[in-house]
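K.L.:
The primary structure of each chain is shown beneath.
There are 2 protein chains.
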Amino acid sequence: MSKTGPITEVPAKPARSRRVASGAVAANSPKAAAAKAPANRAERAVERRAAIVEAALDEFIARGFTATRLDDVAKRAGVAKGTIYLHFKDKESMFEELIRTALVPMIGRLHAPPPSGGSVRDMVEGFAENFIREVASTRRGDIVRLIVAEGPRFPAIADFYYREVVSRGLAGMRALIELGIARGEIRHTNLARFPQIMVAPALIAVIWQSLFAKHAPLDAIDMFRVHLDLIFGERRTA
Amino acid sequence: MSKTGPITEVPAKPARSRRVASGAVAANSPKAAAAKAPANRAERAVERRAAIVEAALDEFIARGFTATRLDDVAKRAGVAKGTIYLHFKDKESMFEELIRTALVPMIGRLHAPPPSGGSVRDMVEGFAENFIREVASTRRGDIVRLIVAEGPRFPAIADFYYREVVSRGLAGMRALIELGIARGEIRHTNLARFPQIMVAPALIAVIWQSLFAKHAPLDAIDMFRVHLDLIFGERRTA
DNA sequence: TGACAATGACTGACCAGTCAGTCAATATTA
DNA sequence: TAATATTGACTGACTGGTCAGTCATTGTCA
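Listed in order, the protein sequences are those of chains A and B. Its first residue numbered 1173, the first sequence is counted upward by one per residue in this note's numbering. Its first residue numbered 1173, the second sequence is counted upward by one per residue in this note's numbering.
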């Protein structure tokens, strides 16, 4: 065994082909660079960097840190390997920066102004539906799995994740729970001690999707509603 | 970066030293081989295999599949690298067999006769306490994390885990939930549709322990009791 | 044209897996 | 029982392939 591992193959779209053959078509005006023809250097550099980030995330998710080959990342990004090193110091810092970058949108959500209208249950339910739709069923979910997988070997990443995502998320959830208790929607006052319970099914859904979806699909949103019924009591009609 | 990675160092006890220098001490009788002097070949082989399994599990847990070096496993087991290949076909099948072997005790638990006495809540609580004590806080928990980490790259393992552990565990839990519903202990009949909810906090605890324990210790058993309160209603006194 | 971006062939370290040789344990013979 | 032969478990140096990271060369923009 050398090439053929247990690793599920990654298709690797060939990325946009190399530059359009030199002198061809001057169809678009020199300045009005639309989507296709990248204008100046800086712009192109940004574009390439994005392509690298994109490709690297896909590879890291599919193979994990160690098994990912930078040659593959380069090929997938449509770039030479050396180009990667114009943007990142080495594989390790590239990985860390990637994860950090990928988490920013999630962190953004946590700060998003909670739509204070409606019941606490509606707030939690809306939040969870968002989370499940945008995380559990997308590549962001794989990032969470990636953190679980590589966290112990990258303490810096686990620390960052705890600080920026977990502790903030739990604090927000705790506040929401306390609001629910104050309003009389939630009767179990102990729940505020373990906000983890509130989000547990959502996380289970993330893991389930990437490991067992093909064995037994899981309707995460439906499951979460049942979970909320436990906490807030059975829903009226809806 | 070549040797010094982000990898948290693993101490690696040097294992028992090579055979005691030839003619030394005949302190113990030739047949009554106690713990120290391994008697015949077969016995020694079994012992060595066990040492390899032990060492390999530690390394795989600490570093993951790809980053684990068989040289290190051999060193830790106090054995030459070639010896590993007397017991396992290659690294990959070694990994798979290890995981399978490590799961057997867990599978055993799932089949254990449920102590039918007492309430359903007591049964679940007893089961969960066991699980948290024996899995969440031990190396078995790391194995669960390892499966989450490597599962997507080892479909065979994910399949095995689903078939032997997950589906059986959930089926058992569903039966328990239905019993609880029949007895009137559980009012939310929908819970039987998602037994995952029942075990979610226990799994969260497993992941929490290996990623965030040092940031914020989590009393998993306490948390699980609160979770059960949601399902069965607040506990009387106890 | 000068300055910088991009390339990809190359290097050296690393590691899974091999195999010829060793030697303690066991079997056989005298 | 002692001397000798046979076995096969065990070893570890070695091979072949892989891959992170480098850098001289080439291409491109302003």
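Note that these hints are calculated values from the structure, not bench results. Accuracy of the hints is not assured; some may be wrong.
Which copy is meant is left open, because identical chains are indistinguishable; a pair holds if it fits in one copy or across any two.
Once the Cα atoms are required to be at most 20 Å apart in a straight line, the calculated EDC-like pairs of lysine to aspartate or glutamate come out as [as the list claims (entries may be wrong)]:
{"id": "1", "residue 1": "Lys1261", "residue 2": "Glu1350"}
{"id": "2", "residue 1": "Lys1261", "residue 2": "Glu1406"}
{"id": "3", "residue 1": "Lys1253", "residue 2": "Glu1219"}
{"id": "4", "residue 1": "Lys1386", "residue 2": "Glu1297"}
{"id": "5", "residue 1": "Lys1263", "residue 2": "Glu1226"}
{"id": "6", "residue 1": "Lys1253", "residue 2": "Asp1294"}
{"id": "7", "residue 1": "Lys1263", "residue 2": "Asp1294"}
{"id": "8", "residue 1": "Lys1386", "residue 2": "Glu1336"}
{"id": "9", "residue 1": "Lys1386", "residue 2": "Asp1331"}
{"id": "10", "residue 1": "Lys1261", "residue 2": "Asp1244"}
{"id": "11", "residue 1": "Lys1263", "residue 2": "Glu1406"}
{"id": "12", "residue 1": "Lys1263", "residue 2": "Glu1301"}
K.L.:
All hints, please: hold or fail.
P.N.:
Hints, one by one, checked against the model:
Within a single copy, Lys1261 and Glu1350 get their C-alpha atoms no closer than 45 Å, and across copies no closer than 56 Å, so neither meets the 20 Å cut-off. With identical chains, the CA atoms of Lys1261 and Glu1406 are never at most 20 Å apart, being 54 Å at best within one copy and 55 Å at best between copies. For the homomeric pair Lys1253 and Glu1219, the shortest alpha-carbon distance inside one copy (16 Å) is at most 20 Å, but the shortest distance between copies (47 Å) is not. For the identical chains of this complex, Lys1386 and Glu1297 are neighbours neither inside a copy (26 Å) nor across copies (31 Å), given an alpha-carbon limit of 20 Å.
When the C-alpha separation of Lys1263 and Glu1226 is checked against a cutoff of 20 Å, the pair qualifies only within one copy, where the shortest distance is 15 Å, while the shortest distance between copies is 31 Å. Proximity of Lys1253 and Asp1294 under a CA criterion of 20 Å is satisfied in neither setting, with 49 Å inside one chain copy and 59 Å between copies. Proximity of Lys1263 and Asp1294 under a CA criterion of 20 Å is satisfied in neither setting, with 43 Å inside one chain copy and 50 Å between copies. Only between protomers do Lys1386 and Glu1336 lie at most 20 Å apart by alpha-carbon distance; the minimum there is 16 Å, versus 32 Å within a single protomer.
In this homomeric assembly, Lys1386 and Asp1331 come within 20 Å of each other (Cα to Cα) only across copies, at 10 Å, whereas the closest approach inside a single copy is 32 Å. Proximity of Lys1261 to Asp1244 under the C-alpha cut-off of 20 Å is restricted to the intra-copy arrangement: shortest distance 17 Å within a copy versus 28 Å between copies. With identical chains, the CA atoms of Lys1263 and Glu1406 are never at most 20 Å apart, being 50 Å at best within one copy and 51 Å at best between copies. In this assembly of identical chains, Lys1263 and Glu1301 lie within 20 Å of each other by CA distance neither inside one copy nor across copies; the values are 35 Å within and 42 Å between.
Checked against the numbered hints above, the structure breaks hints 1, 2, 4, 6, 7, 11, 12 and satisfies the rest.
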